[in-house]
Every structure is written in C-alpha cells, then in structure tokens.
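Just need the whole structure built from these sequences, with the hints factored in.
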Amino acid sequence: GAGVSQSPSNKVTEKGKDVELRCDPISGHTALYWYRQSLGQGLEFLIYFQGNSAPDKSGLPSDRFSAERTGGSVSTLTIQRTQQEDSAVYLCASSQSGTQETQYFGPGTRLLVL
Amino acid sequence: QQQVKQSPQSLIVQKGGIPIINCAYENTAFDYFPWYQQFPGKGPALLIAIRPDVSEKKEGRFTISFNKSAKQFSLHIMDSQPGDSATYFCAASYGQNFVFGPGTRLSVLP
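Residue numbers (my numbering), protein chains in the order written: chain A, -10 to 103; chain B, 38 to 147.
Keep in mind the hints are simulated off the structure, nothing from the lab. The C-beta atom is built at its ideal place from N, Cα and C for all residues, glycine as well. Be aware that a few hints might be false.
As the list claims (entries may be wrong) - Take a look, some chain A residues computed to stay more than 12 Å from chain B by CB distance:
| hint | residue |
| --- | --- |
| 1 | K6 |
| 2 | D7 |
| 3 | L49 |
| 4 | S51 |
| 5 | R58 |
| 6 | T65 |
| 7 | Q73 |
To be verified - Once the Cα atoms are required to be at most 25 Å apart in a straight line, the calculated DSS-like pairs of lysine-lysine come out as:
| hint | chain 1 | residue 1 | chain 2 | residue 2 |
| --- | --- | --- | --- | --- |
| 8 | B | K52 | A | K0 |
| 9 | A | K46 | A | K6 |
| 10 | B | K94 | B | K52 |
| 11 | B | K108 | B | K95 |
| 12 | A | K46 | B | K42 |
| 13 | B | K94 | B | K105 |
Below you can see the structure in the form of structure tokens.
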C-alpha cells in the first residue's frame, strides 16, 4: 500500500516568509510525528499527534512553529517568518498506535531559507 | 538524560568487513531500541530493533548487541556490501517518546 507522503519535496523561500509543509500518513495510522534533520545531524523531534488527543508540542523550537492535524489524518507544519537557521529536511513519520510501534517515514521536505 | 550518543560519526570498510556502530544512553526508562537506515534523499527506514530483556538480536546480516548494565547497544553488519552504504541512526524510546542518535555515515568500498 501507499507509504507516508510529503509535499512539497523541496521548498526554497526568502527569509521572513511563511511556509506550509504537508504530510499524508499511512491510512489507519493514528500516530504522527514531525522531525527536523539538519545537514549531517540526527533527527530532532518537533511534535507528536495521537488520535484526537492534544498534541505533544514539547519539541517545537519556537512559537514560529505550529502544526495541526485535520480529521486525524493529514498534518500541516507551518513555519512563520522563516529564518535561515530553519533550513533543514523536515521529516514526517506515522505509526499504528504510537507506543513503540514501527515508525514509517516519508521522504521529507527539503527547506532552504535564503 | 534524554540524549543518545552514537559513534563513530563516519565509518569506511571494505566489502565483506564487519562495521560496528555503538550507541549509549542515560535514561533507564528507555525500553525499546530501534536502528534506522537512511539512504540519500530518502526517509529513515526501520532496520532492526531490540528490547532490554534480550542481549542480542539477529536479523539476516544485521545484529544488535545490548548491554543493559552498561546502557550501551551496538549494531554489527556481517559481510557488508556496497549497498549497505547509508547513514545509520540508533534510537531509544519509552512510550511515544523517541530520541535519536546523531547518525553514522557508513561507506562500504567494493
């Protein structure tokens, strides 16, 4: 079946602009994660959604970052007033229930802020 | 306490060699330890995982060794192939919390 998809695959924007990144998880997966991967670095946790529960936003680096998940499926990560240090690959992952289940990652969105 | 340390940062081996990647953690609440493999331009994919009630798990050419008392675990790749060239991430988890190591870039020379 279809895996996790993300769009756009690449995004170039100017400093100060807002960007929206989209994630379509695997159908039926209730858990959804967003991570940030800077060049040559590991995965930095951003936010976690589980079903209809309030999201775990503990990893969001600043109030310029927000995310929502509509209808328990598609998720959008929004970065307002982008800064050059926001340049990274943003990865989305989904799993069946979230607790130590295998996470299936999308291909990521490569964001470059000029 | 949430950090997972990983070494080496990069590794080069000849085909057929046995690369070993090591990870260490502090938080004893972690009870699930997966390894992910990432090829350039792709998202990470689960390779193999272990829970602390066993000291070793083998799947094909990939083996995890786990030392609970030392809070360390490692990945061994037997008979490595050029197709194994990728970045490998260890992770530690409890509940829905996942903490990833910084990654090891492995190159297997033909």
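Now the hints, each set against the structure:
no.	hint	result
1	K6	holds (25 Å)
2	D7	holds (24 Å)
3	L49	holds (15 Å)
4	S51	holds (19 Å)
5	R58	holds (14 Å)
6	T65	holds (18 Å)
7	Q73	holds (21 Å)
8	K52(B) - K0(A)	violated (37 Å)
9	K46(A) - K6(A)	holds (22 Å)
10	K94(B) - K52(B)	holds (23 Å)
11	K108(B) - K95(B)	holds (19 Å)
12	K46(A) - K42(B)	holds (24 Å)
13	K94(B) - K105(B)	holds (14 Å)
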